[in-house]
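**Student:** Line by line, the protein sequences are chains A and B. Using this note's numbering, count along the first sequence one by one with no gaps and you end on 345. Using this note's numbering, count along the second sequence one by one with no gaps and you end on 742.
If you're looking for bench data, these hints aren't it; they were derived computationally from the structure. A hint or two may mislead.
Examples of chain B residues toward chain A, derived with CB under 7 Å [said to hold, decoys possible]:
#1 Arg619
#2 Leu639
#3 Gly643
#4 His644
#5 Val646
#6 Pro656
#7 Ile722
#8 Val726
In this text, all values refer to a predicted model and were calculated from it rather than measured experimentally. Ideal placement from N, C-alpha and C gives every residue a C-beta, glycine not left out.
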Amino acid sequence: MERFELRRQDFSLDEDQQAVREGFGDFFTKQVPSSLVRDAEPLGFDADLWQRVVAMGATSMALPEAVGGDDATLVDLVLVAEELGKVVAPVPLVSHVVASRLLASAGGADELVAAAAGGERIVTLALQPVVGGNRQLVPDAALARDVVAWSAEGLTLHTVAEPAAHVPNQGSTPLAWFDPAAGERTVLATGPEAEALFRTAVGEWKLLTAAALVGIGQSALDLGVEFAKTRRTLGVAIGALQGVAFPLADVVTELSGARNLVLKAAWYATHEPRTRPDLPLAAFVHAARAATEAAWVSAHTQGGLGFTIEADISLFFLRAKGWSVLGGDPGADRRAVATALLASV
Amino acid sequence: MDLSTVELTPEQQAFQQEVRAFLDEIVTEEVHEHERRTGDGFNEGVHLALGSRGWLFPAWPVSDGGAGLDRVCQRILALELSRREVPMVTHSTTGLVWSAVELSADPELAARLKPEVAAGRVRFCLGYSDPEGGSDIAGATLRAVRDGDEWVLNGSKLWTTGAHNCQYTFLITRTDPEAPKHKGLTMFLVPLDSPGVEIQAIRTYGGERTNAVYYTDVHVSDTYRMGDVNAGWATLQGPLSAEHGAGRPDDGLSDIGMTMGTREFEAAIDAAARWAKRTTRPDGTLVADDPAFLDRLGHLVVETEAIRVTPGPMGRNKSSLSYIAGIAELIDMVGPEALLAHGSEGAIEDGVIDYAHRFAQGTATYGGTTEVFKGMIAQHVLGLPRLNLPGSKAWVR
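The shape of chain A in the complex, shown without the other chains (with noise of 0.2 Å):
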């Protein structure tokens, strides 16, 4: 890897990312307090959320003008994605955006793409590679009739009658086992192109679900920082101890280099698809373990009642792994970002 690139490092966002960040934020903050979370388990949806976040453009902002988006990039992605986060809100938007933009790129069915925009159809995609009758979790597929698998034949839209049944989960998500011999089938693609769309589809998904992570592990943490000013010990704020302060400033430390690995990654997946494709994965994995590092720390600083249901860190604890393992084991991306190193060393 050429380690002293001339490159530009210039992280700042423009006005209209800015806008998409503080738009959506007032959104997910005032739409969505954490009573709305909890009320919505544990199936870990709220239609009338939904529908005011596909009101708020979010389900049609990234896909190409000429299927009705706004031709919106990763970056404004994962920037609505981190809000999304923060709030863990109970909407199936990551899956959903993902799904959406590959059936767009696949040439789905114009009428599939175009209610998946208007948010009517909920879509998602089988993360792992079919084969044979195998089932497995998909993320949202106890919502979405209509999802995009890929297996040796090609990339597959299965489309069921009625979504697959939930399972209850750690996470409070829509999971549901996806049985690929159920219901209708449709190739989209097939060879190395179907692979392609396939491997680029599972990389936005870990990107935007690291972005995701990224603002569980904001939240988590405010709500440490806060409870380490507040509750006092000794006569002074817990938080001027260096065994409580200490933990929270690794946190952050952690947090703040995802968030940018995570920018970087949105970055060059819009500007240059081809020249780091390992740098969503990387992503995801930083930010799996930066979001578990700062669930448990903030937990942990909360004491006792950090592990209690009404403390709303259990709602970010319980996500921060409830989200990320949907991917499946971080282990596999390290491997690929490894063996990219290995191409280029």
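Guided by the hints, dock chain B onto chain A, whose structure is given.
**Tutor:** Just chain B now, kept in the frame of chain A:
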């Protein structure tokens, strides 16, 4: 956001070629051998050669001894120096001290030193840590007592890296032992050839040489005082505050974090990756085909990617702590070959992994320990309250 490759004008391209050709000529194997032998972080020949081109302070106008380079050319030069592992420790301390000299020194002294500094003939080191003080530099005990137009210095400093190759040390002294800790300090630029100055080498297992410097009845003219008497803390902070006020230029042409040892860490990882591609285990399998090896290597690559984008002082901590943990892991992954020293039969790429492991430990201490930085992050990034200890505001001996 802009992470794109910088398009070079024909002039900038020519400059890049010029830099590469010049460094090919001056950064010889002998320079690296000298560095391995001395651990000086400095090579006089290279330093003077860079000075002769105005490349020690490349942003300065030519009339001041610089090269008047634009930001892109400054970045080109910095990347090429880094790529060739040019020993730059004394160069960097000189730059740091110069900012303070410019702000706080007697203008005549500054004017006299400027061309010498630009040419590389005058170099500065940092006289910060007292032997018992470590990172708590405001707790300095080295005494300076006024004697007419002079000051008399008594005490000692540790970790004065480069003192034996420098002409002056930027020294923090205690001038009022009765005042609160930060209000009794005065800074001086002390000529290192003054009678009573004794420099003793200290060696690290990172291969570096640093120094203990002893001051016994050293007489320094008041001309060398930097800033007001008992205002040493402001003098020391001056360049930092000025830098914060101006902010990092917003053109994306500098690193976003304060990394330490990342070049060495990445070099070791790359060497291990090449080793894995060409090495078979005793059972005949290629290391690069081992999924467990790839998983662990991937973790280290992700860490370096994260280090490179973790901003400011947080990057300083991330770079050291990930490096220390990661290089130890890399040694396990490669096995004993990783620890064969430069020159040993079978050493991997001249012992680059061995070196990186030894070098890592110091990075958690240089420039203030990672704990000092965690305290700063807790206070200034998270807004957590400061812990008041007996020696926070008062000078406690």
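**Student:** Each hint: holds or not?
**Tutor:** Here's how the hints hold up against the structure:
no. : hint   : result
1   : Arg619 : holds (5 Å)
2   : Leu639 : holds (4 Å)
3   : Gly643 : holds (3 Å)
4   : His644 : holds (5 Å)
5   : Val646 : holds (5 Å)
6   : Pro656 : holds (6 Å)
7   : Ile722 : holds (4 Å)
8   : Val726 : holds (6 Å)
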